Each structure stands twice: as C-alpha cells, then as structure tokens.
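Trainee: When you get a sec, could you build the whole thing from the sequences and use the hints?
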Amino acid sequence: MSGILFDCDGVLVDSEQWSCGAWVPVLKKHGIDVELADIQVFLGRSDASVLAHYARQTGRSLSHDLIGEKESVYFDLARGALETFPGLIDLLDRLAEQNVPMAVASSGRPHKIRFSLEQVGLLDRFDILCSASEVERGKPAPDLFIHAAQKLSIPPHQCIVIEDSTAGIQAAKAAGMCAIGFCSSLSREQLIAAGAEQVFSHYAALAPLLKKESDIFLEI
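Counted from 1, the sequence shown has number 115 at position 115 by our numbering; the numbering is strictly sequential.
Read the hints as simulated data drawn from the structure, not as lab findings. All of these numbers come straight from a predicted model, not from anything done at the bench. Any given hint could be a false lead.
[To be verified] With a cut-off of at most 30 Å between alpha-carbon atoms, the simulated BS3-like pairs for lysine-lysine come out as follows:
1) K212 to K173
2) K212 to K151
3) K151 to K173
4) K211 to K173
[Unchecked claim] Distance windows between CB atoms, simulated:
5) E134 to G87: 25 to 31 Å
6) R114 to A55: 41 to 47 Å
7) D76 to G31: 17 to 23 Å
8) G176 to P25: 36 to 42 Å
9) H53 to R79: 23 to 29 Å
10) D93 to A52: 38 to 44 Å
Ideal Cβ placement from N, Cα and C applies to all residues, glycine included.
Mentor: Rendered as structure tokens:
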C-alpha cells in the first residue's frame, strides 16, 4: 500500500505566516534588517538554512541560539492562533479508516512540530514525526523524505508527498516520490514548475488525486 508523507507548516497547520514572521524581530534584534518577504523565500527550508544564509550574507558568525530565540517568538505568536485547513480532518479520518500509513516530515525541529500539531488537535493523528534535524541535509535534498519512508517501512517510490513549497516538491522528486502540491502558500504554476505531479487548493480535491496516483481508493 502507498504511504503518505505530509509536510507540517502550510500543509497540516496554517502556520507559515507565523513560522516565517518569527524570524523578523529576532534577526532585527541582532542587527540584520529583514522583512517578511525576505524570509518567505526560504519557505520549506529549515531554520538552520535561514541562519546559514544570513551568516554568509553578513560575514558574521551567528549562533544557533538564534534558532531557539526564533522558536520562542513563534510559540508566542502562534499559541492559540493556529488553525488547520478545511476538509483536512475528514480526509485524515478516511485515510485512517483504510489504515493508510502516514507520517509527518517537516523542516521544523521536533518540539516545534509537536507544538504546531498539538495546537490544532492533530498530534495524535500521526505515530511518526520526522524532523530535518534528524538528517544530514534538509529540503530540497531528499534525505528527510527517505528517512520518513524508512520509518514507515515503505519504499520511496510507493510514497506520496503533500507539500506547499518548491523546496519540498523538489525534495520529494529527488527521493523518487510522487509530489502533490497544496496551494496554501504558492500558486499552482509555482508548484507545477517545481515538479508537482498534481496540485490542489482544497482538501476535498485531494481524495480523487490520491485515487489517481496510487492504490489508495477513497470513496469520493
């Protein structure tokens, strides 16, 4: 049976604006003037990659403690404000009824993933949570998705990835997986250009795509 790998921010939890936005005051506090749009170009990538970029850009040695500062700001901003997406709960119910293997594969660190899922009542929906901190390379490298497939004991070519970012789509394709793009953050055109095989804008539209791309036969 096919397995499904879900990204977290922007796929399971409507959190991208807070996840990206939390970097702005932290970087400004340390003398790096940025706007939200500057951070949004890193959509789908790890906080470590954001920090590494600004270290290179400024020629400064930026402590990884800044990631902890950023997460603290995120927790403050997002607590009580996060929501999931319409139609997602119904889809997860239907997948669970069929015992479809599912995992979360996110660029966030483990406690951030757990926090976000817990805030919207999805934490108990997934037995397997995989973080980019567990692998050598984050998205767009395939490492995280291959790691998640191994956790599910499913070959990569039998996995479907649900992603909202170009880095995530590219990582799924590099892993030899079917990439389906969710238009919560980017346009259909951007996701297709990144390599998405199918694209949807509402979770009610995902069931027929899963039926088309796999052996998952959800009633439509």
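Trainee: Now tell me if each hint is right for this structure.
Mentor: Structure-based check of each hint:
1. K212 to K173: holds, 18 Å
2. K212 to K151: holds, 25 Å
3. K151 to K173: Holds, because 19 Å separates the two Cα atoms, which is no more than 30 Å.
4. K211 to K173: holds, 19 Å
5. E134 to G87: 25 to 31 Å: holds, 30 Å
6. R114 to A55: 41 to 47 Å: Violated - the Cβ-Cβ distance for R114 and A55, about 28 Å, lies outside 41 to 47 Å.
7. D76 to G31: 17 to 23 Å: holds, 22 Å
8. G176 to P25: 36 to 42 Å: holds, 39 Å
9. H53 to R79: 23 to 29 Å: Taking Cβ atoms as reference, H53 and R79 lie about 27 Å apart, which means the hint holds.
10. D93 to A52: 38 to 44 Å: holds, 40 Å
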